[in-house]
Structures are given as C-alpha cells and as structure tokens.
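Top line first, the protein sequences correspond to chains A and B. Residue 26 in our numbering is what sits at position 26 of the first sequence, and the numbering runs on without skipping anything. Residue 357 in our numbering is what sits at position 357 of the second sequence, and the numbering runs on without skipping anything.
Among the clues, some could well be false.
Given that identical chains are not distinguished, each listed pair holds provided it fits within a single copy or across any two copies.
Below are the DSS-like pairs computed for lysine-lysine, each with C-alpha atoms no more than 25 angstroms apart in a straight line [stated by the list, open to error]:
(1) K189 <-> K116
(2) K252 <-> K377
(3) K388 <-> K96
(4) K360 <-> K156
(5) K383 <-> K73
(6) K387 <-> K199
(7) K110 <-> K11
(8) K32 <-> K337
(9) K32 <-> K11
(10) K341 <-> K377
(11) K365 <-> K429
(12) K357 <-> K252
(13) K287 <-> K156
(14) K187 <-> K377
(15) K110 <-> K73
(16) K32 <-> K110
(17) K4 <-> K189
(18) K96 <-> K377
(19) K404 <-> K252
Calculated directly from the structure, the hints in this document are not laboratory data.
What follows is each chain in one-letter form.
2 protein chains.
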Amino acid sequence: MENKLSTSPYKGTTDTYPEDMLTNNYIFDTWKSVAQRFGFEEYDTPLIEETALYIAKSGDEIASTQLYNFVDKGGREIAIRPEMTPSLARMIAAKKNDLTLPLKWFNIGKYYRYEKPQRGRRREFIQLNIDILGIPTLEAELEIFQYILAVMEEFKAPKETYEIRVNSRYLLDYLFEEILRLSEEKKAKVGRAIDNYTKLGKEAFVEYLKELELTEKQINSILEFLNSTLEDLKKIADKSDGAKQLIELFAKAEELGLTNIRFEPSIMRGLAYYTGTVIEMFDIGSKENPRALFGGGRYDDLLSMFGQEELPAFGIGWGDTTTRDYLETYGLIPETKTDTKVFLPLFDIKLYAYIQKIAKGLRTKGINTETQLTAIKFGNQLKYASKKNIPWVMIIGEDEINAKKVQLKNMETGEQNLVTLEEAIETIKS
Amino acid sequence: MENKLSTSPYKGTTDTYPEDMLTNNYIFDTWKSVAQRFGFEEYDTPLIEETALYIAKSGDEIASTQLYNFVDKGGREIAIRPEMTPSLARMIAAKKNDLTLPLKWFNIGKYYRYEKPQRGRRREFIQLNIDILGIPTLEAELEIFQYILAVMEEFKAPKETYEIRVNSRYLLDYLFEEILRLSEEKKAKVGRAIDNYTKLGKEAFVEYLKELELTEKQINSILEFLNSTLEDLKKIADKSDGAKQLIELFAKAEELGLTNIRFEPSIMRGLAYYTGTVIEMFDIGSKENPRALFGGGRYDDLLSMFGQEELPAFGIGWGDTTTRDYLETYGLIPETKTDTKVFLPLFDIKLYAYIQKIAKGLRTKGINTETQLTAIKFGNQLKYASKKNIPWVMIIGEDEINAKKVQLKNMETGEQNLVTLEEAIETIKS
Chain A
1 MENKLSTSPY
11 KGTTDTYPED
21 MLTNNYIFDT
31 WKSVAQRFGF
41 EEYDTPLIEE
51 TALYIAKSGD
61 EIASTQLYNF
71 VDKGGREIAI
81 RPEMTPSLAR
91 MIAAKKNDLT
101 LPLKWFNIGK
111 YYRYEKPQRG
121 RRREFIQLNI
131 DILGIPTLEA
141 ELEIFQYILA
151 VMEEFKAPKE
161 TYEIRVNSRY
171 LLDYLFEEIL
181 RLSEEKKAKV
191 GRAIDNYTKL
201 GKEAFVEYLK
211 ELELTEKQIN
221 SILEFLNSTL
231 EDLKKIADKS
241 DGAKQLIELF
251 AKAEELGLTN
261 IRFEPSIMRG
271 LAYYTGTVIE
281 MFDIGSKENP
291 RALFGGGRYD
301 DLLSMFGQEE
311 LPAFGIGWGD
321 TTTRDYLETY
331 GLIPETKTDT
341 KVFLPLFDIK
351 LYAYIQKIAK
361 GLRTKGINTE
371 TQLTAIKFGN
381 QLKYASKKNI
391 PWVMIIGEDE
401 INAKKVQLKN
411 METGEQNLVT
421 LEEAIETIKS
Chain B
1 MENKLSTSPY
11 KGTTDTYPED
21 MLTNNYIFDT
31 WKSVAQRFGF
41 EEYDTPLIEE
51 TALYIAKSGD
61 EIASTQLYNF
71 VDKGGREIAI
81 RPEMTPSLAR
91 MIAAKKNDLT
101 LPLKWFNIGK
111 YYRYEKPQRG
121 RRREFIQLNI
131 DILGIPTLEA
141 ELEIFQYILA
151 VMEEFKAPKE
161 TYEIRVNSRY
171 LLDYLFEEIL
181 RLSEEKKAKV
191 GRAIDNYTKL
201 GKEAFVEYLK
211 ELELTEKQIN
221 SILEFLNSTL
231 EDLKKIADKS
241 DGAKQLIELF
251 AKAEELGLTN
261 IRFEPSIMRG
271 LAYYTGTVIE
281 MFDIGSKENP
291 RALFGGGRYD
301 DLLSMFGQEE
311 LPAFGIGWGD
321 TTTRDYLETY
331 GLIPETKTDT
341 KVFLPLFDIK
351 LYAYIQKIAK
361 GLRTKGINTE
371 TQLTAIKFGN
381 QLKYASKKNI
391 PWVMIIGEDE
401 INAKKVQLKN
411 METGEQNLVT
421 LEEAIETIKS
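Kindly produce the complete structure, drawing on both the sequences and the hints.
Encoded structure:
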C-alpha cells in the first residue's frame, strides 16, 4: 500500500466505541421499552429508496439540498433515506387492505442528510419514529403525548427542564388566509420566518417581513398572533378549526393530568405534509440545547402520493444527538458499565480448558462471563477487568482446583474469599 | 401529484412489517445476548465511508463490482459499507493507544451490495460481526467457535443440521507455493475455482483447471488436496504452518468438547485479507440452503492499510437472510406473538380518561398495555385484540366502574371473570 488511509470517519458521522454504545443503547432501549409498554409494534424499512419518493413532496428543503442521492449500477435513481415518513407511507399503501387499523408503529433507525455538522446536528443520525395511523381524533395526539412524558419520566428528566410546544397548521392557515390574505409564495416565506422566529429575534424577524413587502398592519397581526395564548384562541374558536382543536386538545390533556405541554404559535415544522397539530420539544432549563429534541405532527394525506385515500396519522421523529446532548446537560446518563458480570483470569495455558468449562457453566446460569484467553501477568489481567468495570473476578489456579474452590474477588471493595463454585454463583447473582 | 409512485421497495431490499420484525428481533436478540454472555461489547460505525477505504483492499470483488459508491454534494468519494472489517480496522487504528487489548467486539448492522437478488442473498442485508482483536493464538478461534455453538444451541438447532467448515489460508499457501508452484495470477484464479468447488462439481472444476493450463500432475495434486483429511495433514505438519495449526486447533476443540466442526480443504473465503484460519457454516441437513450462514477468519494484517503494525484478529460476519432461511427450514422460528400483554376496549369516549388512568397504572406495574382510542363496535375491538394475539382483554364499562371491578377476558380460553383490578394485575403478571 503506497498511501496511508485516514483513520477519521466520513464528515458528520461518528465511530461509536463500546462505552458510547452503552449510552446510545440506554436511549434506544428506553424509547423501545416504553413504546412496547404502550402497545406500539416495531417495523423497519430499507435505508435506500428510489429518489422519486422524496422528490414527490415538492417544496421540501430535504429533497432539494440535503438528499444523498445517486444512480445505482443498474441506472436507478436512488437516495439514502433522510426521514422515515415517505417509506412508512409506501409500506402502508402497499398492504393497506391487509392491515387492521389503527397501526401503532415505531422504528429506531439511521438517516442521512447533507448538512453542515454542528451541535445537535450531524450528517448521519439515529431517530426514533413513532406513529399512530388510523385515528382521526385527538386521542392519537394524546397517546403520543403520554408516550413522550413516560419516556421523559424514564429518563428521570426534571419537569422544569423540558416542554412540548404545540400548535396547529390549521391555525396558521387561518392566519395566512383569513387574516393576512397572503399569496402561496409569500405563505411559504412567512412560514419559514415564523419557524425561525425564536432564533431570529423580534427585530430581525420584523426586518425580514418588511423585505417581503408585508404591510405594517400585516406585520402587527403576525406579532399579535405570535403572542397569543390559549385564552386568545377562544375568541376565534368558531372561525378557525385549528383554534377549536387546540382548545379541545389542551382541555383533554388537562383531564388526563398531562404536564409540560404549552401552546406556542411559532411552531411551524418545515415539512410540507403536515395537517393539523404540530409539536416540538425543547430544553427550557439551559441554553445548551437550542435545537428541538423532536418534532412531529399530524399528516392525514400521507397516502395521496400513492393515489390512495386519506389515512389519519400522527407521529414524531425523535433524534439521538439532541437527546444525548440534553441528557448530558442534566447529568442524566447512567454511569457506563459493562454488561459482563465476572472475569476469569488464566495463570497457565494448561488450565485453559478447565477455565472454559467453568465459564460455560456460569453462562448456562445466565451469568455474563469473560475469560482471559492468553496467560499473561496476573496484574495486567486484573487491570483489564478493572478498566472494563467488571464487578467480579473469579480466580482459579492449581491450588483452587485441588481444593475444589474458587477465589471470588469483589472488584469494588477488593474483598476476596475462598468459596465453592455454587457459593460464588449465588453471590454474583444476588 | 400527477404520477402515482410505486409502493414497492427498492430492488433487493425488503419492508419489514411488525410480524417479520419479531422474527428478525428473535435472531438479533439471540446474537446479542449470547455475545454479552461471553463478554463481547457492542460498537457501531457509520454506514458511509470514503470509497478509498474499500478500494484499498485491491483484488476484492466487492470493491470493484458490488460497491454502492458515489460522490457527495461536497465532492467526496463515498460508499455505503458492503462489509464491516475496513471500518472496524479504521476505528481501532484511530485509537490504538487508548484501547486495552484484547478487544472482544460485536455489531449488528446494515450493509449494501449491488448483487443479483436470490435466495439467501439481497442487496440490503443485516449482519452480525463478532471479532476478537489482540489474541494471536488459537484461543481466539476457539472462543468464536464456542460463541457460534452457544448461539446454535439457543436457536435449538438440531446437531445434525449444521457444520462449521474450517481451513487455513496457510495450508492453501503451501498448496499453491510448495506443491503447485503457481504464479500470483494463477493463484487467484485457482483460489476462486477452489472456493466454487462444491458448487461447480468435480467435472466442471477439472475442465476449468485445464483451461488455466495446469498440468495433469498439478490438477491431480489439487484433487488429492481437496480430498485430504485431518489425518493427512499430520504428514505435512512439519512443512506447513497451516497443517500444524489446524491439527492443534482440532485437538483443542476436542479437549473443549466442541462439536459440529470439520476440516474442509475447499474453504477459501474470497476476501484478500485473510491470514490463517478461515471458516464457513453450512446447513447440512437439507438442500434448501446452499449458501454459507456465515464466513470469517483470521486477518492479522488488518491495520497495515493505515500504516500501523500488525494486530492479530479473528472474526465472522453472520448474515440475517441465510439464518432466517435456515431457521424456517427447520421450523425453529418461535410463534410470532405481540409484546403487548393486555388490551383495554373503549365503549364510550366519555370513559377515555378513566381508561387511560387504568392503563397508566398497568404500565407502571410493568404490563405492556394497549388501549382502544376510538369508541367503535365492541366486536371489532375484540377482533383487533385477537388479530394482534394480545393474551388478555380488560373490559371496563359503566357497570364495572360502579362495581369497582374489571372484566378480565383470557383470549385463548375465552374465559371471562369479574375481578378487582389488583386481582387482574396478578393474573396477567403470573
């Protein structure tokens, strides 16, 4: 080989060493076990789809600039998935008549977007997608809210550090059409500005709206809208479906005793396909994490791109990077430990088969057991077990074999006892 | 939308519906839990790497014809990973000085190869990679053998249906260099032919060797080699390191009581980087599955492409498709069941909040609980629970609320009892 290759991963991606994997798995296992507790079922889709599936949603930033798309060796236009929803829609459209509604489905998978890597945003990311399909009423939203709150509780997240912000695209429609009477083109631009309102700040936001040639009256209406409360929505409940639905949603959430949910008129969601409720969750206890932990909403015309009738749908995509950042900010990541329970050193290669027999017995008893595979210095073997945080070391040399006992060392206290194998198993398992 | 999109997944890939996902997870969870039982640690690598990482191993079929490679929006030559080993090597080379050897690592991830889809082979596949790094002696091989046999035991695989076939690249080197005295070019061609020996059959194999202009003596030597047994290896043990190692390996395997392992001189493995032991596992109880369930071997010069010194390594890549096919052939896939334990119907939307409160209580007790979200006909709700294989239905209407009881229905027997919530929880958990 003439040129040495770089040992860095591709830009915007990460190598996950075992220690980091334990943290990732803590997040993924929590997402998954809570989803199962609510009766959601796991599914999966290919990582590659024909590009047309993403292009179909025109006006979408992802499809135009962030897509990893290319031509395969057979001339097919394909892309690595940047999001789950189009694939989910395709899967459901393909088997619509065989599926019993509602579907409560989740997936934890990888995604690729060509973006500028920065805090909370990478080119490769893992996302939980959790969706309810076939429920037209707000009980779908409430189910997902309950799921989210159950996950946050499992994460031991302090109540004052997070907030689910809720809005309705119908309410925005009412603003754009009935109050502002905007053209389609301006709707998109004003929409993007509102989406960035928190980031831009009021001044830059107003400046931008002026550039769009909005009248002072229009700008004031927008600012008034962005300051409106749930109370204000009651005044327009008979004129706007969005207002009516939001009032109903918050009333039902209160009845269920749900917390950490707030109406926020600036929540917009970039994607073209949302209809009705849109939500995002933020860290509100620190300034470390300005990005949403997840976003989602209702998208009832999911199947139209396959020429099929409407299917009510509500779901969220919950990112790994922002979640890990949030958990780190609040010291909520559990101390990383190995899954291994006991380590068996090796003093002499002649004892290898004997040690393996003991290890096999321990594994049969459900004890995760690692054995030393080469007879090196005992001190180094102990260091290895200690570095890997293995809680027990079971020492077996000629003396122990003759005495039909083992030395069991507690790696935390340093205590060491000569006991029978059965006693050792009992101690390790307790 | 003018044109309806296709609902088919991209060629050679599969949509995984929840029912199939349960089967996949059965395989993945088995791979993972047994790996943890042996003290292996999980890691992960990006799905995309710079193409150079795959091209570096010249002479490799994967890199030249099967790679999904393309240029990203920033002009970088990248590829979707077709195998794990180059990424694993990169990760280790990057942190060599921080890592305590040996490393016992595993990953379960997705891979892409541009191939003709057929039984046991798809363009997208999931593979377990399990490797031991830093052990130069045969104890690494023996550890992986024990892992494989423990997985097969966990799968309840009948002993007479599978076989690990073992060879050594050093033995092949001895054949090519000392016996046949082949040129480098012919070595590669003869190597590929030997790799296909079982598929080709003797006649076509000999024909092909004649085309390569091998002498009759050479051809006879090859045929003799392909018929050689472990006993025959003893005759050349002082001339060939490969023979010596294989004899030692089988002696140690016998000492450990390992079964289902056989010396097979035709095992070759296509990849360029193997050094020493090579293995493959086959279904030997049926003709359904001609492809190897996994393949692997020793690759001690793993880090040379990063300009680093040798690191002993032994590992296998175990495919999902062939494994699922094998398990299906022998009826070893457990009956698919939902993870949900109980279903709560809804008779009137007014009871929704009450039902949710009960559900929350059940989930807190660790019971996976699904609730009906819209009040439809009771019969349809029961049908849904039955179709999803949920074992219990907890019926709560006005009468039950007034009586402070619940109706608990066993969906298998049809038996239904009016009991307290506590009694119901006890029954469901038992």
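Right, here's what the structure says about each hint:
{"no.": "1", "hint": "K189 <-> K116", "verdict": "within (22 angstroms within a copy, 46 angstroms between copies)"}
{"no.": "2", "hint": "K252 <-> K377", "verdict": "between (66 angstroms within a copy, 23 angstroms between copies)"}
{"no.": "3", "hint": "K388 <-> K96", "verdict": "between (49 angstroms within a copy, 16 angstroms between copies)"}
{"no.": "4", "hint": "K360 <-> K156", "verdict": "between (37 angstroms within a copy, 17 angstroms between copies)"}
{"no.": "5", "hint": "K383 <-> K73", "verdict": "neither (50 angstroms within a copy, 47 angstroms between copies)"}
{"no.": "6", "hint": "K387 <-> K199", "verdict": "neither (44 angstroms within a copy, 48 angstroms between copies)"}
{"no.": "7", "hint": "K110 <-> K11", "verdict": "both (16 angstroms within a copy, 20 angstroms between copies)"}
{"no.": "8", "hint": "K32 <-> K337", "verdict": "both (20 angstroms within a copy, 17 angstroms between copies)"}
{"no.": "9", "hint": "K32 <-> K11", "verdict": "neither (29 angstroms within a copy, 29 angstroms between copies)"}
{"no.": "10", "hint": "K341 <-> K377", "verdict": "within (22 angstroms within a copy, 51 angstroms between copies)"}
{"no.": "11", "hint": "K365 <-> K429", "verdict": "both (9 angstroms within a copy, 24 angstroms between copies)"}
{"no.": "12", "hint": "K357 <-> K252", "verdict": "between (60 angstroms within a copy, 13 angstroms between copies)"}
{"no.": "13", "hint": "K287 <-> K156", "verdict": "within (20 angstroms within a copy, 53 angstroms between copies)"}
{"no.": "14", "hint": "K187 <-> K377", "verdict": "neither (72 angstroms within a copy, 42 angstroms between copies)"}
{"no.": "15", "hint": "K110 <-> K73", "verdict": "both (23 angstroms within a copy, 19 angstroms between copies)"}
{"no.": "16", "hint": "K32 <-> K110", "verdict": "both (15 angstroms within a copy, 19 angstroms between copies)"}
{"no.": "17", "hint": "K4 <-> K189", "verdict": "neither (48 angstroms within a copy, 28 angstroms between copies)"}
{"no.": "18", "hint": "K96 <-> K377", "verdict": "between (63 angstroms within a copy, 21 angstroms between copies)"}
{"no.": "19", "hint": "K404 <-> K252", "verdict": "between (66 angstroms within a copy, 24 angstroms between copies)"}
When the structure is compared with the earlier hints, violations turn up for hints 5, 6, 9, 14 and 17 and for no others.
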